[in-house]
Structures are given as structure tokens and as C-alpha cells.
Amino acid sequence: MGLLGLYQAQFRTTAATHLQYRVESLIWLFGGIVEPTVYLVVWSTVAESSGGRLGTYTSGGFAAYFAVMMLVEHLTFSWIMHEYEYRVRMGRLSFVLLRPVHPIHADIVDNLTYKLMSLIFLLPVAAFLMWAFHAEFAPPLWAVLAFVPALALAFLLRFLMEWTLAMAAFWTTRVSALNQTYYVAVLFFSGQIAPLSLLPGPLADIASVLPFRWFVSFPVELVLGRLTPAETAAGYLAQAAWLAAALVLVRRVWRAGVKRYTAVGG
Amino acid sequence: MAELDIEIRELTKTYLVHRREAGLKAAVTSLFRRRQEEVHAVERVTFSVSPGEVVGFLGPNGAGKTTTLKMLSGLLHPTAGEARVLGHVPFRRERDLLQRITLVMGQRQQLVWDIPAIDSYDLNRAVYRIPTDQYRRTLAEISDLLELGGLLNKPVRNLSLGERMKVEIGAALLHRPQVLFLDEPTIGLDVTMQRRIRSFIAEYNRRHGATVLLTSHNMADVAALSRRVIVIHRGRLLFDGALDHLVARFSSHKTIVVQLREAVADPSRYGEVTAVEDGRVHLRVPKSETARVTAQLLAELPVEDLTVEDPPLEDVIERVFAQPGD
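Chains C and E, in that order, give the protein sequences.
-8 is the number of the first residue of the first sequence in the working numbering; add one for each residue after it.
-10 is the number of the first residue of the second sequence in the working numbering; add one for each residue after it.
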């Protein structure tokens, strides 16, 4: 049974809960659609007004980029940073700590369940955007296949990173300032607001040293056929390295956080 | 050590609390000078509990009961002293320990609000890795004893407080813990429901030989379940022993109830009259005087029936808590 059994049971519980909140889930989904659509419209328009092309992107290239970005962003985002403070402050964590299993497992399943369920709505929307804005992309087969592990690594990396940051709630009750800073950084440096190749010099340099690009921009560019096999291999390596670092970090911070929580009481 | 399920020695928990007066001025001052104050929630408490014992853990609000239970279940790190539960140091939260204990807190809930409890139960089955056939047997037993019936299939939010508590206790026992920490398990419940939960705890203890440490403000819980009580007050251990001894030690008076064949002019010369009804006179007398007064009553009055009673447990406890803390 073990962990797999736990994931199955957690999936059933979470799916049942999300089904209870159909409307709320749809509203959340709506935000995830509107934002990339706005960027799509803006950038396609800019491309058209500047002679049909901006950098390596045509108007249809932008359409493809942002439609795929919407899916990748949706599949990798998490809401754990909003939830953690509530858990710590309201003592919900006490109950979690009594269980002989690490709470991150429940969160991973919770996240994946919602993603799978909402994909039913999101895939047609992405397809519609691609059709309506004449998306252009022709990836080679290997790139499409390579996209799958890249996406899985992206999800894990982002999830562990955000779970680690969320634990700031153990030390401060004002996590919203930190969250806001993080979201803005991700917006700019992950390729959400614009393809990273269009960022001006210094910003592009910052983006290249931060881990954010490996969980949005990299899988998106990969599946659009914009990366060479060598760039893809380098991307995997970067993802794996950051993931290893995140794993170490999440364990350390968790141990320290629990120590603090059990010192002051929940 | 191995023979005891719970063993704590000199267990202490001290909190640092920031203090400030009300008002803006105090708020600004506190930015620069923070006054910290130590609060001794639990102070050098020592006791042990043998396997299969049911112990009532008593104390007024803020006495340190919940703090102690949290330290024993690994949710709080003690400031000083030692604690062992089933041979483990609780705050290390080793899987082997967590698999074998449970903590039920009256207001906390582990059930998922919007879905039927049976789904949360199923999740616990997976979390505690309970083998399927054992899970089925335990579930059948728990539903039977707690009369859960159709409750498990209703969304938790549609259950009444009492129903939810029953379902909650059931969830906490699915993995058949050996040691139960119950914090106010009957709080807010009506008398019938209290009785049901009480008899369930007693039955669970009888069937599985489980060790139970139970806090309650409800003396009926304590009287029905535990022969031994531990009393703490202001973080310190005040009494540890048989419930009868607690009553003997802390009640200075007894009540003599005499049924008289005919009315008597002035029974108050025998003791303080607390009630008179249909020829039954309740007399409150100092404990040391009980034998003398009883003999006197039998000799001097037309007595039809006479009983000597201990004061109600609530009164005794009230006296215990009225003791100065230091």
C-alpha cells in the first residue's frame, strides 16, 4: 500500500472536495485564463504594428507562446503560500503533525487533483486561443516527447520552492508582503509577462540566474520547438540541480519550522 | 521504563509572552522596549501511567492540562524535563509513536468539512497504513459502539455537534491507538451523548487494554471512567491518586441524611442544616464529627433511616482549586 495507497486515497478525498466547490474552482480558473490572454493580445498587436515580427516572435508565434504558457503556468502553479499562514496561525498544523506522514504529500495530491480536473476546461480554451489568433508553431516530435519530463520537473521544482517559501509563516505573521514580491518576480523572470528573449539586457541576465525560468519558460519554449537538443539537455540539468537544492532546503526549513512551531505552541 | 506507557519527569513548559498596556502610547513604546514575561504553563510535573489505566487529568482553565497533553503527543517541545510515551520521546514524532497514539481535542477537527466522513476515514486508513481487513473490522466495531449508523455517509457539515464529535472520535481511533489523549471529549454535548461517549471510551479501554489520559470539566466523565485522577493547578501537580482519596483528602465535611418518623424542633444543634424535605433532614457536619453525630442522632431522635454521603465531586474539586497555587 504505502505512499501510492495514500496518494490514491488523498486523490479521492480531494476530488470530492473540489467537486463541492465547482463554481469557486471555475472562478479561479477564469483568472488563469484572462491574464495570459491579455498578454497574448498585447504582444500580438505589438508584433503586427512593428512589421509583423518582434525578436524571433511573429504575431502567431506570440499566440502559440501564450496559449502554451497558460497551460504550463496552470499546471505548475500552487496556492500553498496563501494557505500556510492560516495553517500555522489557526493551529491546523497540529492535526497534521499528529499524522505519521509528511504533509507535503497531501498538498501535492491536492494540487494535482485540481489541475487534472480543470484541464478539462483549460485545454479547449487554449485550443480556441490558438485557432482564433492563428498560432504558429511546428515542434519536432522529439521536442514534444521531451516536454513531458520537463513539465514534471518544472512542477516539482516550483512546488518545492513555493512550499519552502510558504514556511516563512512559521516565523512571521506578515507573509503577504513576501508573497507579493515573489509573485512579481515570477511574473517577470519566468517568462509569464513576455518571452525571456525579449527582456532588455540586465533583466535577461537576472532571469538567467534565477530558478523561475526553469518552471515556466523552459518547458514552453521546448514544446514550441524553439530549443536545440543541446539547450534542452542543459535545461534538464539546470532543473535537476535546482530541484536537488530545493529538496535539501524544504527538508531543512521544515525541520526548523516545526521546531519553532512546537516551541511556541499552536 | 518499558512497563509504563506514559512517563514524565519534572516536565516543564515556559512561554515567553510580550506584554504591553492598552493604547497607542504603549504600542509605540513597545516598539523600542519590549517587556517579556515568562509564563510557567507547566512546572516540574512528574507522573507515570501504566498500560491499560484510565486517568482523569483535572485542573481549572489554564492549569496546563492541554499543554501537557500537547507535549505528550509531540506537538509541543518541553522547556525542561523528560517525557516518554511508549518508550519514545514524543517531540521527535517518530512514525512508530504516531502510529500508536491519538489526540482528540474538543474543538479541533480532522474531518474534511464538505464530504462524508467515510471519505475522511478512508484517508486515515491510507495515512496510518491500516490493512484492509483490519480496517473493516475496526470500522464495524466503532460504528457499532458509537452508533454511527448513517452518519458516516452525510457531509460532515450537515452533522450536529454531538454527531460530529462521535464521528471525530471514531476517526481518531481507526488505527487502534494504544494510548489515547482525550482533551474535553464531551464538551458541548447533551447528557445522552456524553453518556454514549463515556461508555464508548470505557468499552474501548476494556476491549483493547488502551491507556487513556482524559481531561474534562465534567466530573461525571471523570467519576465514570477513571479511578485514578491527577490534578494540576497553575502548572503544578497537586494530587495524584485514587479518586476516593481525593474526596477524602479535600472534603472536610460529610452530609448526613436522616429520615425521621416525626418532626423535630431544632435539628440544627446536630450540624448545619442544608435541606429539609418530607421529614428528610440534610446535615452538613465536619468529617471528624461524623461518627459522633451519627451515634447521637440514632440515640436521641426517632430515626427511620440514615445515610452518610460524601459531598458532590464538583464541590470537592472546587475546594481543590481554591487551594493557593504555591
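Bear in mind the hints are in silico, worked out from the structure with no lab data behind them.
You may find that some hints are simply not true.
Selected chain C positions facing chain E (Cβ under 10 Å, derived; list incomplete) [claimed, not checked]: (1) Leu(-3); (2) Thr47; (3) Thr49; (4) Val87; (5) His125; (6) Lys250; (7) Ala254.
Keep in mind the model is a prediction, meaning the values are calculated, not measured.
Where a beta carbon is used, it is the ideal one built from N, C-alpha and C, also for glycine.
Status of each hint after checking the structure:
1. Leu(-3): holds, 4 Å
2. Thr47: violated, 48 Å
3. Thr49: violated, 47 Å
4. Val87: holds, 9 Å
5. His125: violated, 43 Å
6. Lys250: Holds, because the Cβ-Cβ distance from Lys250 (chain C) to chain E comes to roughly 7 Å (cut-off 10 Å).
7. Ala254: Given a least distance of 5 Å, the restraint on Ala254 (chain C) holds.
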